[in-house]
Amino acid sequence: MKRMTMINFMKGSVMKIHRLSRAYRCLSAEGGVRVFSSASGPRVCVVGGGPAGFYTAQQLLKARQDAIVDIYERLPVPFGLVRFGVAPDHPEVKNVINTFTQTAQHERCSFYGNVNVGKDVTIEELRRAYHAVVLSYGAEGNRSMKIPGEDLSGVFSAKDFVGWYNGLPSNKELCPDLSSETAVILGQGNVALDVARILLSPVDMLKETDITQNSLAVLAGSNVRRVLVVGRRGPLQIACTIKEVREMVNLPNTGADMLPSDFEGIAEALKDLPRPRKRLTELMMKAVKEGRDDKDQKCWGFRFFRSPVEVIAGADGRTATGIRLALNKLEGSGEGTRAVPTGQLEDLECGLIISSIGYKSFPIDPTVPFDPRRAIVPNAMGRVQDTTGLYCSGWVKRGPTGVIATTMNDSFDTARVLVQDMEAGEVDLSVNKPGAQAITALLRTRGVRTVLFPQWEKINAEEEKRGKSLGKPREKLLDVDEMLKIAWS
Amino acid sequence: MSACILRVFLQRAAVMRKAAQQTFSQTRMFPQCVTEINTHSRGINTFTSSLRAEEKVAIHFLNRDGKRISVKASIGDSLLDVVVNHDLDIDGFGACEGTLACSTCHLIFEEAVYKKLGPVSDEEMDMLDLAYGLTDTSRLGCQVCLRKELDGMILRVPDVISDARVDSEKESSTAPPKV
Ligand SMILES: Cc1cc2nc3c(=O)[nH]c(=O)nc-3n(C[C@H](O)[C@H](O)[C@H](O)COP(=O)(O)OP(=O)(O)OC[C@H]3O[C@@H](n4cnc5c(N)ncnc54)[C@H](O)[C@@H]3O)c2cc1C
Ligand SMILES: NC(=O)c1ccc[n+]([C@@H]2O[C@H](COP(=O)([O-])OP(=O)(O)OC[C@H]3O[C@@H](n4cnc5c(N)ncnc54)[C@H](OP(=O)(O)O)[C@@H]3O)[C@@H](O)[C@H]2O)c1
Ligand code: FES
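Protein sequence lines, in the order shown, are assigned to chains A and H. Each residue of the first sequence is one higher than the one before, starting from 408 at the first, in this note's numbering. Each residue of the second sequence is one higher than the one before, starting from 820 at the first, in this note's numbering.
It should be emphasised that the hints constitute simulated quantities derived from the structure, not laboratory data. Predicted model, so just to flag it, every value in this text is computed and none were measured. Quick reminder that beta carbons are idealized off the backbone N, C-alpha and C, glycines included. Possibly wrong hints are sitting among the right ones.
[What the hints assert, rightly or not] Below, simulated BS3-like cross-link-like pairs (lysine-lysine); rule was C-alpha separation at most 30 Å, straight line:
| no. | chain 1 | residue 1 | chain 2 | residue 2 |
| --- | --- | --- | --- | --- |
| 1 | A | K678 | H | K886 |
| 2 | A | K705 | A | K579 |
| 3 | A | K526 | A | K685 |
| 4 | A | K678 | H | K934 |
| 5 | H | K967 | H | K886 |
| 6 | A | K614 | A | K526 |
| 7 | A | K693 | H | K934 |
| 8 | A | K685 | H | K886 |
| 9 | A | K865 | A | K614 |
| 10 | A | K678 | A | K736 |
| 11 | A | K693 | A | K553 |
| 12 | A | K614 | A | K875 |
| 13 | A | K865 | A | K579 |
| 14 | A | K702 | A | K678 |
| 15 | H | K935 | A | K685 |
[Claimed, not checked] Listed below are several chain H residues computed to face chain A (Cβ distance under 8 Å; list not exhaustive):
| no. | residue |
| --- | --- |
| 16 | L881 |
| 17 | N882 |
| 18 | D884 |
| 19 | G911 |
| 20 | E930 |
| 21 | Y933 |
| 22 | L936 |
| 23 | G937 |
| 24 | P977 |
[As the list claims (entries may be wrong)] According to the in silico footprint, chain A covers these stretches of chain H (three or more CB under 8 Å from chain A):
| no. | segment |
| --- | --- |
| 25 | 885-895 |
| 26 | 960-971 |
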């Protein structure tokens, strides 16, 4: 209890103190920016309140002392995947929320939650009301394996599974059946390892995080003892990073169940690898060598050179009982290394299958260009193709890869490009734009009521209060209507 | 706000971070040794800076824009503390607030100075491996604490432009700093 109070304290006031000087800088930096004749200064609209939206806004506010930035977010709650993606046992990653909160509280920034852009208001309407619009709406879909049986019961996308344990309102009913001993995760990125770790972590460790109570209850009754993380290519191409592998290696009462044959020839390749890949590979080889202890009640392991071809149905024809994998060999080298099927197949018995082969962005509005192949908004340095005044940042600009720091850097880049365009006259600042005044009026006529940042803070306080009584940093509200009720109370 | 009050506030923040890190190290199994290193340094920080605040060393940052920023900083402070306390204008520095979860505090040291810093924990190495423009003399600023021997050191802030085309005219600054 005491420990948790400490976390709450840290997450709130103290971090603000630590960051205070930075907020001052935002307000006071000279930045050498010319102030334009337009009476109100540039008005910029950011679509999406995740890391990309907040970092773009932060840089715009800093670079232009006269800019007014409004962030529109579909949900009543801000922070995107920092709230709904980042694993509950990684609270330190969520420290970025302190900086986002300062941005939202900046006198030239406003947050409008509960606005579904594309439905409640169109991009055209936003472009008319603002000098520039930045699309930062992330990647809310997932790639599909496109194999028979993908719809069987027992098969989930990692996006939904993560959304479920992190309290995403649309996933609250997921309730996965964890009665199977073996779980198979397809894909070997960091999301796959997040899911594997949540499935294998002792519930006693998870119960002090902000994981939702309902998923905690399901995990407490889980029978999953063995989690296999399957990749189509080899150890040298693995997508996850070393910190996450080390966490798997260090899981209590959990050993590594790997196939030494997957690592043939790898030792010889080590010396030519760049340091990060070399250290990651050495750690995996160490795990192979150490294997499983007799005392270990659970295990995890990578399976390489295997692509999913079919989910195998049980006698009822509805429930998954296994997965058929095609064995691969590698062709090509470096970045271009491809997996090619050898023609051999292998069946793995398992009752839980989680597909973690990547997220995917959707088009937001028919007037906005979209590249269906890459599933991004086509752009050059953040300038949306063929559309003056429209920009993009984050996963919708680059595709669904990269950590928060990557998203931060690319959002800063987009903001810099936008400021350059303002200064070069590419974005016309000579006309005044009404900004949020026009949009909120329009939303009102459509019966859409927004959630402002202080109203989110009411939700935040309620979540922290509910968490406190459970010894957790927060207990997330799962229901949008309940969020709205508290926000507007 | 006077510098003195701010300083006290920041020290409090450092203490609280220490407490928070200890908390995390209890709730989590793995980065024990990191948090130990870190909390240890925080201990020095608050102790030293409250009792012997006059003990300072000079540090020179070569920022991304090529500008040199020179500051006098307290012994015991981490380089993240230095950037925050002196309000240095380095975009995005210290996103995870010193908890070894982001690598945005990446700095490049002169070789001779790097050798004086001592061993790097596995956990710091793991995060460093994700840093842009990693070099053999890179460290994470939140894990490096000031000592007397480091007086006068020059640090380079690496470029982080994720799209090289934005800023192609600027020369890459991932090489170790030239003295
Ligand atoms: C499961 C998972 C775990 C991760 N863990 C880590 C980690 O530990 N460390 C790390 O550094 N990185 C992690 N990442 C990566 C990190 O989350 C991303 O780099 C980052 O969130 C991308 O930011 P974004 O703003 O582009 O997208 P998002 O975070 O998805 O934000 C997009 C926002 O736009 C909103 N939106 C969508 N559509 C609309 C609309 N029509 N109108 C208005 N708003 C809309 C969404 O609700 C959301 O709030 C993780 C990613 C995932 C998927
Ligand atoms: N702790 C953290 O820092 C953290 C946590 C979670 C997420 N993130 C970040 O968020 C980003 C997204 O993570 P992610 O795991 O979703 O994506 P990712 O890192 O891109 O991994 C996707 C995985 O799916 C595989 N894959 C893709 N298409 C496939 C197909 N058709 N068939 C079989 N396998 C396929 C990929 O294999 P190939 O390599 O062969 O394509 C890869 O193993 C990453 O940048 C990640 O680092 C970070
Ligand atoms: S501040 Fe995040 S790793 Fe140093």
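Each hint tested on the structure:
no. : hint               : verdict
1   : A:K678 with H:K886 : 38 Å, violated
2   : A:K705 with A:K579 : 27 Å, holds
3   : A:K526 with A:K685 : 48 Å, violated
4   : A:K678 with H:K934 : 23 Å, holds
5   : H:K967 with H:K886 : 25 Å, holds
6   : A:K614 with A:K526 : 38 Å, violated
7   : A:K693 with H:K934 : 28 Å, holds
8   : A:K685 with H:K886 : 35 Å, violated
9   : A:K865 with A:K614 : 24 Å, holds
10  : A:K678 with A:K736 : 22 Å, holds
11  : A:K693 with A:K553 : 35 Å, violated
12  : A:K614 with A:K875 : 12 Å, holds
13  : A:K865 with A:K579 : 21 Å, holds
14  : A:K702 with A:K678 : 34 Å, violated
15  : H:K935 with A:K685 : 25 Å, holds
16  : L881               : 19 Å, violated
17  : N882               : 13 Å, violated
18  : D884               : 11 Å, violated
19  : G911               : 5 Å, holds
20  : E930               : 16 Å, violated
21  : Y933               : 15 Å, violated
22  : L936               : 17 Å, violated
23  : G937               : 19 Å, violated
24  : P977               : 11 Å, violated
25  : 885-895            : violated (count 0)
26  : 960-971            : violated (count 0)
Of the hints listed earlier, those the structure fails to meet are numbers 1, 3, 6, 8, 11, 14, 16, 17, 18, 20, 21, 22, 23, 24, 25 and 26, in rising order.
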